[in-house]
Amino acid sequence: MTQYIGNGAYCYANSTSMLLASIGENISPSKIEVLTGVGLGAIWVDHLPYFSSWAGMPDKGISEALRILGFEFKEKYSQDGDELPFQQLEQDLRKAPVILGPLDMGYLQYNPDYKNLFGVDHYVLAYDMDDEYIHVHDPAGFPFVSLSHALFERAWKAENVFYRTNGYRYWSSPLRTAFPTEEEIYHRASTFFKSIYKESQEYAEKENKLYGKEAIVALADKINDGNAAPHFIGHLSYFVFSVGSKRSGDFADFFLPFNKKLSDLKRRQAHLFGKCQFNMVKNNFQIVSDTLMELASVENEFYEELLK
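According to this note's numbering, the sequence shown holds residues 535 to 842 in order.
Do not rely on the hints blindly, as some may be mistaken.
[Said to hold, decoys possible] 25 Å max Cα-Cα, derived BS3-like pairs, lysine-lysine:
1) K795 with K842
2) K649 with K728
3) K809 with K795
4) K608 with K649
5) K743 with K608
[Unchecked claim] Quick list of simulated restraints, FRET-style, between CB atoms:
6) E718 with Q643: 36 to 46 Å
7) K795 with Y667: 15 to 25 Å
8) E838 with S682: 22 to 32 Å
9) E839 with P764: 34 to 44 Å
10) E839 with K740: 23 to 33 Å
11) Y611 with I557: 33 to 43 Å
12) E718 with G558: 19 to 29 Å
13) S556 with K816: 40 to 50 Å
14) Y611 with E733: 32 to 42 Å
These aren't lab readings, by the way, just hints derived from the structure by calculation. Just so you know, these numbers come straight off a predicted model, no measurement behind them. Every residue gets a Cβ at the ideal spot worked out from N, C-alpha and C, and that includes glycine.
Construct the complete structure from the given sequences, taking the supplied hints into account.
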């Protein structure tokens with residue numbers, strides 16, 4: 535199977551890869567993305583669908599991926615109402631770069647599309663800071679850019695990012711303390727993936743929320759109705775289907791040496807996401823709806839196989 539290499543909305547995985555590269559550890563964003571567990575399951579948030587899980591959000595995922603890979607690190611955050619920790623951040627940046635996030639992309643004004651991105655979560659690697667600006671590598675295609683302290687504070691507060699649990703979160707000072715084999719990494723990751731599904735299912739049942747197969751079926755029904763608003767269609771065609779396809783392909787590659795059944799199911803999902811992308815742009819909504827129904831079935835198969 536030919537592997538895809540190219541752009542993808544992997545901001546936290548790319549930022550983590552850059553952080554590790556700063557200490558001479560070259561680990562691909564695709565591998566890190568898989569180990570974060572983001573991309574497993576399906577949910578609805580504020581009337582928008584995401585192929586992710588309630589218990590598998592990027593802030594938790596970064597920390598878990600680093601642990602699985604054998605790193606210790608510092609993770610810092612503030613309680614709501616606390617002032618932005620400029621002094622501590624500046625001290626840490628004198629030593630080494632840090633991952634910042636989640637940020638609210640609506641305040642990242644070096645991005646020409648920032649006005650359309652309020653409430654969208656994002657992660658960057660900060661490498662320097664002075665009296666006026668913080669300087670970052672933004673993996674969305676903006677290396678060596680700067681943001682004023684005032685805008686940075688509003689972005690880092692991330693008040694409109696739905697999964698945010700604390701403000702001003704960042705990761706720094708990774709240190710390798712173990713050298714797990716690929717098989718050990720697989721087993722650690724599989725245990726983490728199972729916990730994501732179990733915790734998310736429990737949360738969905740408790741809060742009466744759609745999750746997994748049922749969430750995808752609901753999406754198929756909405757597309758089939760033909761009443762999806764332009765912003766909803768844009769959410770799917772510019773983000774959800776493309777990143778879903780890339781993630782599924784990376785999961786397939788990760789599982790292949792250890793569990794061919796899981797790998798095949800993820801490879802099938804990658805193709806189905808790609809089919810959705812192609813037909814959504816062509817306004818073939820019936821085909822998208824039918825493909826999503828197939829995707830829901832494959833998601834259920836994957837869930838059952840993983841949790842055996």
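(message) Tell me if the beta carbons of E839 and P764 are separated by a distance inside 34 to 44 Å.
(response) holds, 37 Å
(request) Decide if the proposed pair is consistent with the structure: K809 and K795, CA atoms, cutoff 25 Å inclusive. (result) holds, 21 Å
(request) Compare the distance between the alpha carbons of K608 and K649 with 25 Å, and conclude whether the hinted pair is satisfied. (result) violated, 33 Å
(request) For E718 and G558, compare the CB-CB distance with the range 19 to 29 Å and indicate the outcome. (result) holds, 21 Å
(message) Need the status of pair K795, K842: alpha-carbon distance at most 25 Å?
(response) holds, 12 Å
(request) Could you check the hint for me, namely that Y611 and I557 are 33 to 43 Å apart, CB to CB? (result) violated, 22 Å
(message) I want to verify a distance hint. Is the separation of the beta carbons of Y611 and E733 within 32 to 42 Å?
(response) violated, 20 Å
(message) Verify the CB-CB distance for K795 and Y667 against the hinted window 15 to 25 Å.
(response) violated, 50 Å
(request) Evaluate the given range 23 to 33 Å for the C-beta pair formed by E839 and K740. (result) Taking Cβ atoms as reference, E839 and K740 lie about 25 Å apart, which means the hint holds.
(message) 36 to 46 Å was suggested as the range; check whether the CB atoms of E718 and Q643 agree with it.
(response) Check passed, 43 Å falls within 36 to 46 Å.
(request) Starting from K743, check that the Cα of K608 is at most 25 Å away, please. (result) violated, 34 Å
(request) Could you see if the CB distance from E838 to S682 stays within 22 to 32 Å? (result) This hint is violated: roughly 50 Å between Cβ atoms.
Checked against the numbered hints above, the structure violates hints 2, 4, 5, 7, 8, 11 and 14; every other hint is satisfied.
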